[in-house]
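Student: With chain A fixed as given, assemble chain B onto it according to the hints.
Number of protein chains: 2
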Amino acid sequence: MDKNLTMLTDFYELTMANGYLKNGLADTIAYFDMFFRKIPDKGGYAVMAGVEQLVDYLKSLHFSKEDIDYLRSKNCFCEEFLEYLANFKFACDVWAVPEGEIIFPGEPIVTVRGPVIQAQFVETMVLLTINHQSLIATKASRMVRAAAGRAVMEFGSRRAQGGDGAVLGARAAYIAGAAGTACTICDREFGVPALGTMAHSWVQMFPTEFDAFKAYAVTYPNACTVLVDTYNVLRSGIPNAIRVAKEVLEPMGCRMKGVRIDSGDITYLSRKARQMLDEAGMEDCKIVVSNSLDEFLVRDLLAQGACIDSFGIGERLITSRSEPVFGGVYKLVAIEDKDGEIIPKIKISENVEKITNPHFKQIWRLTDKADGKYRADVLTLRDEVIDDTQPYLLFDPEHTWKRHLTTNFTARPLQVPLFEKGVCVHKSRDIEEIRAFCASCLDKVWEEVARFENPHPYYVDLSQKLWDIKRRLLEENSR
Amino acid sequence: MDKNLTMLTDFYELTMANGYLKNGLADTIAYFDMFFRKIPDKGGYAVMAGVEQLVDYLKSLHFSKEDIDYLRSKNCFCEEFLEYLANFKFACDVWAVPEGEIIFPGEPIVTVRGPVIQAQFVETMVLLTINHQSLIATKASRMVRAAAGRAVMEFGSRRAQGGDGAVLGARAAYIAGAAGTACTICDREFGVPALGTMAHSWVQMFPTEFDAFKAYAVTYPNACTVLVDTYNVLRSGIPNAIRVAKEVLEPMGCRMKGVRIDSGDITYLSRKARQMLDEAGMEDCKIVVSNSLDEFLVRDLLAQGACIDSFGIGERLITSRSEPVFGGVYKLVAIEDKDGEIIPKIKISENVEKITNPHFKQIWRLTDKADGKYRADVLTLRDEVIDDTQPYLLFDPEHTWKRHLTTNFTARPLQVPLFEKGVCVHKSRDIEEIRAFCASCLDKVWEEVARFENPHPYYVDLSQKLWDIKRRLLEENSR
Numbered sequence: 101m102d103k104n105l106t107m108l109t110d111f112y113e114l115t116m117a118n119g120y121l122k123n124g125l126a127d128t129i130a131y132f133d134m135f136f137r138k139i140p141d142k143g144g145y146a147v148m149a150g151v152e153q154l155v156d157y158l159k160s161l162h163f164s165k166e167d168i169d170y171l172r173s174k175n176c177f178c179e180e181f182l183e184y185l186a187n188f189k190f191a192c193d194v195w196a197v198p199e200g201e202i203i204f205p206g207e208p209i210v211t212v213r214g215p216v217i218q219a220q221f222v223e224t225m226v227l228l229t230i231n232h233q234s235l236i237a238t239k240a241s242r243m244v245r246a247a248a249g250r251a252v253m254e255f256g257s258r259r260a261q262g263g264d265g266a267v268l269g270a271r272a273a274y275i276a277g278a279a280g281t282a283c284t285i286c287d288r289e290f291g292v293p294a295l296g297t298m299a300h301s302w303v304q305m306f307p308t309e310f311d312a313f314k315a316y317a318v319t320y321p322n323a324c325t326v327l328v329d330t331y332n333v334l335r336s337g338i339p340n341a342i343r344v345a346k347e348v349l350e351p352m353g354c355r356m357k358g359v360r361i362d363s364g365d366i367t368y369l370s371r372k373a374r375q376m377l378d379e380a381g382m383e384d385c386k387i388v389v390s391n392s393l394d395e396f397l398v399r400d401l402l403a404q405g406a407c408i409d410s411f412g413i414g415e416r417l418i419t420s421r422s423e424p425v426f427g428g429v430y431k432l433v434a435i436e437d438k439d440g441e442i443i444p445k446i447k448i449s450e451n452v453e454k455i456t457n458p459h460f461k462q463i464w465r466l467t468d469k470a471d472g473k474y475r476a477d478v479l480t481l482r483d484e485v486i487d488d489t490q491p492y493l494l495f496d497p498e499h500t501w502k503r504h505l506t507t508n509f510t511a512r513p514l515q516v517p518l519f520e521k522g523v524c525v526h527k528s529r530d531i532e533e534i535r536a537f538c539a540s541c542l543d544k545v546w547e548e549v550a551r552f553e554n555p556h557p558y559y560v561d562l563s564q565k566l567w568d569i570k571r572r573l574l575e576e577n578s579r
Numbered sequence: 101m102d103k104n105l106t107m108l109t110d111f112y113e114l115t116m117a118n119g120y121l122k123n124g125l126a127d128t129i130a131y132f133d134m135f136f137r138k139i140p141d142k143g144g145y146a147v148m149a150g151v152e153q154l155v156d157y158l159k160s161l162h163f164s165k166e167d168i169d170y171l172r173s174k175n176c177f178c179e180e181f182l183e184y185l186a187n188f189k190f191a192c193d194v195w196a197v198p199e200g201e202i203i204f205p206g207e208p209i210v211t212v213r214g215p216v217i218q219a220q221f222v223e224t225m226v227l228l229t230i231n232h233q234s235l236i237a238t239k240a241s242r243m244v245r246a247a248a249g250r251a252v253m254e255f256g257s258r259r260a261q262g263g264d265g266a267v268l269g270a271r272a273a274y275i276a277g278a279a280g281t282a283c284t285i286c287d288r289e290f291g292v293p294a295l296g297t298m299a300h301s302w303v304q305m306f307p308t309e310f311d312a313f314k315a316y317a318v319t320y321p322n323a324c325t326v327l328v329d330t331y332n333v334l335r336s337g338i339p340n341a342i343r344v345a346k347e348v349l350e351p352m353g354c355r356m357k358g359v360r361i362d363s364g365d366i367t368y369l370s371r372k373a374r375q376m377l378d379e380a381g382m383e384d385c386k387i388v389v390s391n392s393l394d395e396f397l398v399r400d401l402l403a404q405g406a407c408i409d410s411f412g413i414g415e416r417l418i419t420s421r422s423e424p425v426f427g428g429v430y431k432l433v434a435i436e437d438k439d440g441e442i443i444p445k446i447k448i449s450e451n452v453e454k455i456t457n458p459h460f461k462q463i464w465r466l467t468d469k470a471d472g473k474y475r476a477d478v479l480t481l482r483d484e485v486i487d488d489t490q491p492y493l494l495f496d497p498e499h500t501w502k503r504h505l506t507t508n509f510t511a512r513p514l515q516v517p518l519f520e521k522g523v524c525v526h527k528s529r530d531i532e533e534i535r536a537f538c539a540s541c542l543d544k545v546w547e548e549v550a551r552f553e554n555p556h557p558y559y560v561d562l563s564q565k566l567w568d569i570k571r572r573l574l575e576e577n578s579r
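So the sequence lines, in the order shown, correspond to chains A and B.
Going by the working numbering, the first residue of the first sequence is number 101, and it counts up by one from there.
Going by the working numbering, the first residue of the second sequence is number 101, and it counts up by one from there.
To be clear, the hints were calculated from the coordinates, so they are not data collected in a lab.
Hints may be right or wrong, so weigh each one.
Since copy identity is lost for identical chains, a pair holds within one copy or between any two.
[What the hints assert, rightly or not] Derived SDA-like pairs (lysine to any residue); straight-line CA-CA distance at most 25 Å: (1) Lys-565 with Phe-460; (2) Lys-438 with Ala-403; (3) Lys-122 with Arg-288; (4) Lys-174 with Arg-529; (5) Lys-346 with Ala-476; (6) Lys-165 with Phe-290.
In isolation and in its complexed conformation, chain A is listed as follows (with noise of 0.2 Å):
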């Protein structure tokens, strides 16, 4: 995925940032939050996703002549801007949640501190790369606690939104716990294990479905999973899968590995299949089932005493079809004056909900001592420092006399360096560190606001100096 992408930007970005520049702004330093508003599915917790990504993006920002050329054809760029273009150098500080960990709405997951028209024009690709992989992300994640242990593998790409949205949608998953992916180059690039059975054209092509599983359990004699709903599950699958499991491949000292089931009463079916399986001593013969599934689906299917060893979910993953948008903005939250001095900024809204936190910030993460499960996140001008050593007031921004002095607790900063002046300063992680990562932080989350229906909201509140900083915004703003 080494293409360039600097224009993969929102025209606007540019004109603004030629606007900057003419406006003798191109200096004046900007501090960007990206942060989203709602957790979709109304779920409890969100999983952050794309930093890898965002990092290459970053490093690669680069005008080719063909871009400038092409800018320059617009007719609405003056010839310094191109010129700035042309000799471009990326010279940001840019901040991010690690990929992997748990997040909530409101929180600036990502901040970018520089120069007003670099900070500005980054803005697609940050909300782009970070919204989608951490919509499947996050997806992925209800599917595999749906599935209470099982593997849940992506069966996607021929579904997906574009060729990246297959490919990195599959990376997503597979962060927040899928098992592996049908999608072959992300195996290649990213090493997500690729995994696949056949097709319903495998079977059609053999005069029976005894030739095809026979001819598949020779070919591959140990990973021979084959698919029962061609003709009819119980009457021709599983009795066919059996015969070429005894005469085929237990001869050859191999057993065969699994049954795909993918129509029919799924529930009805798989216990049938499991029986017959059983019967025939062919207990270690694993279960795939497939079809339309979801995290709800998943749920019912096993609550209603399915059996089955692992799913495999297509489009509903890898479009987050209930919910296919991460909402996450992008906004300005201050600016420096010439001094170097802070100025804080708000927008407005007449939706209570849309009003930003202004400031340049930290979230830091309180986790219980006791049970190690993370407490509370709160948010803090970037200079202040919670003290787990001493007790800690938090309050509800809203309800502020909603009050608890909480104690034996550790905090931690969530947000980390990716870039310092342009600089990458980023640590690449492995995916199968960034998966584990991810687990460990998903264990950390209370049940209740793990659930995914009616979950407990998870509080992310204010320091009582961002809080105090905030009202006086919104006071003078409101005049």
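Tutor: Frame of chain A; chain B shown alone:
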């Protein structure tokens, strides 16, 4: 977009291909159809899109040494197969409905004929490419129709599912009638006009809203559209826009091009804004609105009497949020025996609507000679010809007693060749040509079929010959 997507394929395409080779089926000729079963959003028609990208993909199919080495490392492919891939030469025939044409469920919108290894292999990208762009084109077409002649601008890159989702989605939206896109690279790559206004951050970067508008007007006197909802639309935004028009633009001989409203009660605000602008002699100043719009909100706003000249539509277009999946499938419909005789194949299913139409087919579109509208489509065997100088007996393939002897029509085949024995015979079309073609096709769809809700189903019938073969196969398979 020149990256090699050969390996963007489901892993099972490769394991099956290797299996076909090892089982002596490498040279067997297979026919696969892509078709879809349901129209997103319960709509009455869909728009074919993505053909140019499918052609690009098929033209550039090749396995690099890196690909081969990766595949060898999986320890499941034989050397003979890896050799085959290293010397891969695409040899299939491919036909498709032209991009921009109106399509309906059950129709083979793409057909691939060739050695089963190859025809099977391309499944993932045939589906991904056509599913994605047809989804967005179909959604965009609904939105453009809702806007009733007003411009619809695609503004969704930041919420797209990956970079290709943004860029190719914007392309598909334009084909279906969007006026342009915010996505700069889509302009540079495909010539889709890039559009944009300004972000709230522009307004916040200046001491006052007036200063921000003035700076923009001076920078872009001939293309000045200002965002008026950063503080208060009617008390601040519109008055400042008028003041800048009078004090800055008009003395330069220029006019304020537009104002954009991105929040609040759009109907109320746009009507009041229109009145204020008109009273200031700015009848030519356009009102652009945005904020989580879709076809239903667009229709409602206009029904409520909102004064709107154009719509900026983001996430609900670029992800087709209400229905983010175009469920196209790719099914084996025939093979050839050693004498080149076609042996039709059918996929049985307990779900009757999942049963496939067998054989190598053509789609014939019957157009009414009197009003020029599409009357019905008929799927035929590929070598059948519908003679439009004679009456033709249409009958419902499910309820065969529903019959209609149709006259006074013209008939034309919809599928056209893209590749002949692996050689591209498709003449690439300019995007403006595809867009104009799409508009002309949509004009021929009956209003009853095109409506948003409860559309009248369009007839897709089978020829008598095809129906007879399908019935015979069904009966043979349900012995």
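Student: All the hints need checking, so say for each whether the structure fits it.
Tutor: Here is how each hint holds up against the structure:
{"no.": "1", "hint": "Lys-565 with Phe-460", "result": "within (12 Å within a copy, 72 Å between copies)"}
{"no.": "2", "hint": "Lys-438 with Ala-403", "result": "neither (63 Å within a copy, 51 Å between copies)"}
{"no.": "3", "hint": "Lys-122 with Arg-288", "result": "between (46 Å within a copy, 24 Å between copies)"}
{"no.": "4", "hint": "Lys-174 with Arg-529", "result": "between (41 Å within a copy, 23 Å between copies)"}
{"no.": "5", "hint": "Lys-346 with Ala-476", "result": "neither (57 Å within a copy, 52 Å between copies)"}
{"no.": "6", "hint": "Lys-165 with Phe-290", "result": "between (31 Å within a copy, 18 Å between copies)"}
Against the hints set out earlier in the document, violations occur for numbers 2 and 5.
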